[in-house]
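*Asks:* This is what each chain is made of:
Number of protein chains: 2
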Amino acid sequence: MARAIRIISFIELSFFLALSGWIFSAQKINPHTLREKVRHFREQHERAILGEYFDFLSLPNVASDQANIQKNADFILSMLQRRGIKAELLKAGDSPPVVYGELLSPAATHTIVFYAHYDGQPVDAAQWASPPWKPILRDKTLENEGKEILWASLPEQPNGEWRIYARSASDDKAPIMTMMAALDALKESRISLPANLKFFFEGEEEAGSEHLEDIVRKYKNFIRSDVWILCDGPVHQTGRLLIYFGARGVCGLEITLYGPLRPLHSGHYGNWAPNPAVLQSHLLASMRDVNGRILIKGFYDDVIPLSEKEMEALKEAPDIDEDLRKELGLGWSEGKGKSLVEQIMLPALNIRGIQAGNVGEKAQNAIPTEAKASIDFRLVPNETPLGVKRLVEDHIRDQGYFIVYDTPDKETRLRHPLIAKLDWESGYPAARTSMDLPVSQALVRAIEEGMGSRLVKLPSSGGSIPMYLFKDILEAPSVILPVVNYDNNQHGANENVRIQNLWDAIEIFALLFGYSSYLW
Amino acid sequence: MARAIRIISFIELSFFLALSGWIFSAQKINPHTLREKVRHFREQHERAILGEYFDFLSLPNVASDQANIQKNADFILSMLQRRGIKAELLKAGDSPPVVYGELLSPAATHTIVFYAHYDGQPVDAAQWASPPWKPILRDKTLENEGKEILWASLPEQPNGEWRIYARSASDDKAPIMTMMAALDALKESRISLPANLKFFFEGEEEAGSEHLEDIVRKYKNFIRSDVWILCDGPVHQTGRLLIYFGARGVCGLEITLYGPLRPLHSGHYGNWAPNPAVLQSHLLASMRDVNGRILIKGFYDDVIPLSEKEMEALKEAPDIDEDLRKELGLGWSEGKGKSLVEQIMLPALNIRGIQAGNVGEKAQNAIPTEAKASIDFRLVPNETPLGVKRLVEDHIRDQGYFIVYDTPDKETRLRHPLIAKLDWESGYPAARTSMDLPVSQALVRAIEEGMGSRLVKLPSSGGSIPMYLFKDILEAPSVILPVVNYDNNQHGANENVRIQNLWDAIEIFALLFGYSSYLW
Chain A
1121 MARAIRIISF IELSFFLALS GWIFSAQKIN PHTLREKVRH FREQHERAIL
1171 GEYFDFLSLP NVASDQANIQ KNADFILSML QRRGIKAELL KAGDSPPVVY
1221 GELLSPAATH TIVFYAHYDG QPVDAAQWAS PPWKPILRDK TLENEGKEIL
1271 WASLPEQPNG EWRIYARSAS DDKAPIMTMM AALDALKESR ISLPANLKFF
1321 FEGEEEAGSE HLEDIVRKYK NFIRSDVWIL CDGPVHQTGR LLIYFGARGV
1371 CGLEITLYGP LRPLHSGHYG NWAPNPAVLQ SHLLASMRDV NGRILIKGFY
1421 DDVIPLSEKE MEALKEAPDI DEDLRKELGL GWSEGKGKSL VEQIMLPALN
1471 IRGIQAGNVG EKAQNAIPTE AKASIDFRLV PNETPLGVKR LVEDHIRDQG
1521 YFIVYDTPDK ETRLRHPLIA KLDWESGYPA ARTSMDLPVS QALVRAIEEG
1571 MGSRLVKLPS SGGSIPMYLF KDILEAPSVI LPVVNYDNNQ HGANENVRIQ
1621 NLWDAIEIFA LLFGYSSYLW
Chain B
1121 MARAIRIISF IELSFFLALS GWIFSAQKIN PHTLREKVRH FREQHERAIL
1171 GEYFDFLSLP NVASDQANIQ KNADFILSML QRRGIKAELL KAGDSPPVVY
1221 GELLSPAATH TIVFYAHYDG QPVDAAQWAS PPWKPILRDK TLENEGKEIL
1271 WASLPEQPNG EWRIYARSAS DDKAPIMTMM AALDALKESR ISLPANLKFF
1321 FEGEEEAGSE HLEDIVRKYK NFIRSDVWIL CDGPVHQTGR LLIYFGARGV
1371 CGLEITLYGP LRPLHSGHYG NWAPNPAVLQ SHLLASMRDV NGRILIKGFY
1421 DDVIPLSEKE MEALKEAPDI DEDLRKELGL GWSEGKGKSL VEQIMLPALN
1471 IRGIQAGNVG EKAQNAIPTE AKASIDFRLV PNETPLGVKR LVEDHIRDQG
1521 YFIVYDTPDK ETRLRHPLIA KLDWESGYPA ARTSMDLPVS QALVRAIEEG
1571 MGSRLVKLPS SGGSIPMYLF KDILEAPSVI LPVVNYDNNQ HGANENVRIQ
1621 NLWDAIEIFA LLFGYSSYLW
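The listed protein sequences derive, respectively, from chains A and B. All letters in the first sequence, in the order written, are residues 1121 to 1640 by our numbering. All letters in the second sequence, in the order written, are residues 1121 to 1640 by our numbering.
For reference, chain A alone in the conformation it holds in the complex:
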């Protein structure tokens, strides 16, 4: 009986899918042929692809901006549905929706899920050369004085070196857009899909993925798969394609220290009224040295050392430190001679912002009332946000501070000379997948064969995405596959994406959709 039902479902499904134009016969295609066909399709449709992308990038996408986040989700939903993909919004509580799509193949034995996120980092619009959600093309980077290319004067085939400037042009709408184009190319070229494909596009990654765990738990059976391919972050600084088998965890903290209840004249009260900016500089200096070493007691105790295989992968990675320092105007780098890839295998304490009083023209001869420091910790296996929280709070207490989680009232201030208000973001731990798994090898081979170049393989990304969920809750391996240029200013002002990276990404996704599952 169960079998009869399965057959009927199978027939119905095939019928629907035939109508929608997809081909599911598992006829192994040569990866070079696949790539050629996809490239040909793209070359015929570049303006249309960019047009759809500009519309997508015009939607403001800060996770806290509910109305606009919904617009983004609806836009993606309709992108999927227009392509004949069954799609819906997944939610848990009042979370920004996950846009979920699936394209099931009757003959498939493997299921691959593709993850990306459609929300972006908050912007400081004053620092942008053009409005962050008004995408524009430039013929070079802003740093190289790129000039704007007007849409009206856009040629049929824009130059691959041109850039699109907009918030999330790279991080992380680029994978979503190029997956859609890859699907169009496969369908149009009548290349069959041998695997079940699932799409999972998150809407609050930059806000700490607070609801992701709930959503993954809630829809656990729905989104089950053999592997998660997480598309986020930039390719290697050499421009070479890159795969990560892990990611650092992350954990945000804002520390507020207090001075007098009202700003005081720095002449009349200077070196009597406690200055919160001075307190902050001493506290921060006690937490981390200038070389990236965290000075908080016990911070490295939980860290699992790298395996020999992972150490080897690091050694094989291209050495780009010197070039990178030159490009970034850096006469040195942290870590006392350690390389970038070595440094990002370690936990980090990054100060992302400090603020007290005013600087520049607005500076007033006053003692500020408070000083804020915004910090993100990057975690490696086996650290946890809870463990970090405990160590940091112990350290701050050891410096003489009384810790509070709400703004202290006058009574509390009088009772406790030194007070630190801590605002913790929830954060999540790091994770790592073994490089030896068959699926790990298959994904690497599919891309290397199809693209004709070797991937840089790294045990972990320096950046954070919540890989731990897929491992812990779904028991699925996961890898990170970045597609965008590394010099993309992601998270900062003037974020951009290089056109050629979009074109390459379309081919890479087509190889993963139409070829990779033959290899494991």
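Since the hints were derived computationally from the structure, they do not count as laboratory data. It is possible that some hints are incorrect.
Intra- or inter-copy, both count: the list cannot distinguish identical chains.
Said to hold, decoys possible - With a straight-line Cα cutoff of 27 Å, these simulated BS3-like cross-link-like pairs (lysine-lysine) come out: (1) 1456 <-> 1260; (2) 1458 <-> 1206; (3) 1482 <-> 1541; (4) 1541 <-> 1417; (5) 1435 <-> 1530; (6) 1157 <-> 1482; (7) 1541 <-> 1206; (8) 1509 <-> 1482; (9) 1429 <-> 1509; (10) 1267 <-> 1211; (11) 1254 <-> 1482; (12) 1211 <-> 1435; (13) 1206 <-> 1338; (14) 1307 <-> 1157.
Assemble the complex: chain A is given as a structure, and chain B must be docked to it using the hints.
*Replies:* Same frame as chain A, but now just chain B:
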């Protein structure tokens, strides 16, 4: 011949002055009688006095805002001229004008100059409860939830505890306005003026008095006098009247430290790319401890210790530290048990602002490109801005920094790992007048007899005004006589003045104008 001219001038002057309504017979008046008459005049004219003051406070007065500074100068010029005082604008180069007035008495043997400044600190309007240049009356302080009193519902005699909220309501338009009211009161009450009175109102004190030295040198003979009375700052925290015989000098500095040329993702580059906020915290922590002690080598070498008499004056000063800490919500104060008056006799390093990246909602997971710290140093005799500059630069160099004065280009950044850009404000040294001079004693006595209360006498103000000029260039003694309430938020948001302080100031100035010169 010279004598003949003097006689003619004398006759002409008397004639002019008779017309203008002033009386110059040197008939010593009882200070209590004087005060009674002045108070009576004020009680009859409170609305008119406040009306003129509101117009004055409605003029934006940041020193860099040339157009509005000129409006302030013109307003004061016309205030003086309306009262029959010969007045003009003094300038040196493109300085904001000094408004200068003089009222010479034919029989006078003494000349007193009154100094105040009409420019105000820059504002951060977002932090103000009401627009900074739209003066409003409140029935209590904002901290005590004072409600606005509309001008339309203002009684004939406003409550002395009410406050006027506006930039410069205290610092430092209050002395200018109350001197004018005191002149009106003396003229109306037909009280004679026994001394030559000069008025010198500066327009760039809060911007560091850059042109003041040039102006004082240029008009040296013009503004010569027996004593300078500098009206600035607040009265003692007990509310008692206060006279300072000196002032700390001041010297501003902004330090910019550099990270990567563009903001970098803190995950991908965190603990490899140098973080300028981390560098800043270590540099600032190396310069000053949390107790106000400056750690820069040699910083205390030039400091002249207090005399025994000065130490005694400090001991006699009311002890208000505990009350002040309570009011300010401070569980401690800097100086390891030293009192406020002791602490402000020492040099100070105050951090008035720090900024890098973003905090709060705007925090981005990025490594900032630069970190700025805005500092003011407070100097005591015998330190000089040049000496401070040398010591600070030596210290910063000792921390490994290469010092520049303009934004470094990429070449410079690559050549020098650690770079500190320094923007020095010119600043000026401290000064002190002996408490034993006859004129010092006379001023104290005039106020104490007239107001019937003892002054708090302090060797130096913690705040800075350029007293050194009067000593060095004009060879005249100077004292500081504050008149406004101490809880006035001067230099910060929501600056205000207490009405009763204005009323008292009118009587104090009347005593100085009409009585003090009889005493020396």
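*Asks:* Taking the hints in turn, state whether each one holds.
*Replies:* Here is how each hint holds up against the structure:
no., hint, verdict
1, 1456 <-> 1260, "neither (34 Å within a copy, 58 Å between copies)"
2, 1458 <-> 1206, "neither (48 Å within a copy, 74 Å between copies)"
3, 1482 <-> 1541, "both (26 Å within a copy, 18 Å between copies)"
4, 1541 <-> 1417, "within (20 Å within a copy, 34 Å between copies)"
5, 1435 <-> 1530, "neither (56 Å within a copy, 30 Å between copies)"
6, 1157 <-> 1482, "neither (59 Å within a copy, 44 Å between copies)"
7, 1541 <-> 1206, "neither (47 Å within a copy, 58 Å between copies)"
8, 1509 <-> 1482, "between (35 Å within a copy, 22 Å between copies)"
9, 1429 <-> 1509, "neither (31 Å within a copy, 54 Å between copies)"
10, 1267 <-> 1211, "neither (42 Å within a copy, 47 Å between copies)"
11, 1254 <-> 1482, "between (30 Å within a copy, 19 Å between copies)"
12, 1211 <-> 1435, "neither (42 Å within a copy, 69 Å between copies)"
13, 1206 <-> 1338, "within (19 Å within a copy, 84 Å between copies)"
14, 1307 <-> 1157, "within (11 Å within a copy, 99 Å between copies)"
In terms of the numbered hints stated before, the structure departs from hints 1, 2, 5, 6, 7, 9, 10, 12, listed from lowest to highest.
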